[in-house]
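Asks: Residue numbers for the sequence shown follow numbering that gives the first Met the number 0, beginning at 0 and rising by one.
Warning: the hint list may mix true and false statements.
Said to hold, decoys possible - 20 Å max Cα-Cα, derived SDA-like pairs, lysine to any residue:
1. Lys226 - Pro180
2. Lys102 - Phe40
3. Lys65 - Ile80
4. Lys71 - Thr224
5. Lys77 - Glu126
6. Lys85 - Glu126
7. Lys85 - Thr61
8. Lys71 - Val56
To be clear, the hints were calculated from the coordinates, so they are not data collected in a lab.
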Amino acid sequence: MAQLEHIEAIEKRLWSAADTLRANSNYASNEYFLPVMGLVFLRHAYSRYLSVKDAIVANLPTRAGKTRPLTKEDFSQKSAIFLQPKAQFDTLVALPDSADRAKAIIDAMESIEADYENLRGMLPKSEYQELDNAVLGELLRALNPEELKHVSGDVFGRIYEYFLTQFADQKAHDGGEFFTPVSLVSLIANVIEPEGGTVLDPACGSGGMFVQSARVVERRHENPTEKLTFYGLEKNA
0 MAQLEHIEAI EKRLWSAADT LRANSNYASN EYFLPVMGLV FLRHAYSRYL SVKDAIVANL
60 PTRAGKTRPL TKEDFSQKSA IFLQPKAQFD TLVALPDSAD RAKAIIDAME SIEADYENLR
120 GMLPKSEYQE LDNAVLGELL RALNPEELKH VSGDVFGRIY EYFLTQFADQ KAHDGGEFFT
180 PVSLVSLIAN VIEPEGGTVL DPACGSGGMF VQSARVVERR HENPTEKLTF YGLEKNA
């Protein structure tokens, strides 16, 4: 319970920081949505990358005293994304004010798309050119608090859902799209109570059903990546 309350407090602080930046910069929610969620994705990918990297490096084969380089296949086997140095969040946070942060973030997104064909054309890029360089710097730092480095579990899955809910409340989406509340998705997952096999969501949206199904498995102290395979359809994917 203490861990959950701690995560909820982090969610609120991160959102408050991001939303305050938006308000102070006079951006509309729909202008801010994709850039923010893209950075949450990068921060999540980096957290996952770090969590499995040491174990991967420890098991890399060597020949003539040389260890082979890391590959994306190494990380795929651990349900993580391989990140080139320019796509790692700490690299982006450390950029000086004189750097073109929008270009650096776009380069990071393009490097991921180059390594993963199924992500090509899916990540936000040009949207970052619409945000002020100083705002991007503040946003990067806001999404990288020290406390996030000391929490366990699917923290970024929760943060992503929380941000998505807040943006939906601000009517960030239009065109008749509908965001299913997390509480309802959680209820459905608990009723289904998946134990193993395939989870198919024909209207998967942001993948909330997959996140909640994975948590059902985690509560049994099992690894969802070993127990479940996820498939989803989405009209905008």
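Asks: If a hint holds in the structure, say so; if it doesn't, say that too.
Replies: Taking the hints in turn, this is what the structure says about them:
1. Lys226 - Pro180: Violated: Lys226 and Pro180 sit about 25 Å apart, past 20 Å.
2. Lys102 - Phe40: Status holds; Cα separation ~17 Å.
3. Lys65 - Ile80: Outside the cut-off at roughly 24 Å; violated.
4. Lys71 - Thr224: holds (17 Å)
5. Lys77 - Glu126: It is violated: about 31 Å lies between the C-alpha atoms, which goes past 20 Å.
6. Lys85 - Glu126: holds (19 Å)
7. Lys85 - Thr61: violated (26 Å)
8. Lys71 - Val56: Satisfied, since the Cα-Cα distance of roughly 13 Å is no more than 20 Å.
Checked against the numbered hints given earlier, the structure breaks hints 1, 3, 5, 7 and satisfies all the rest.
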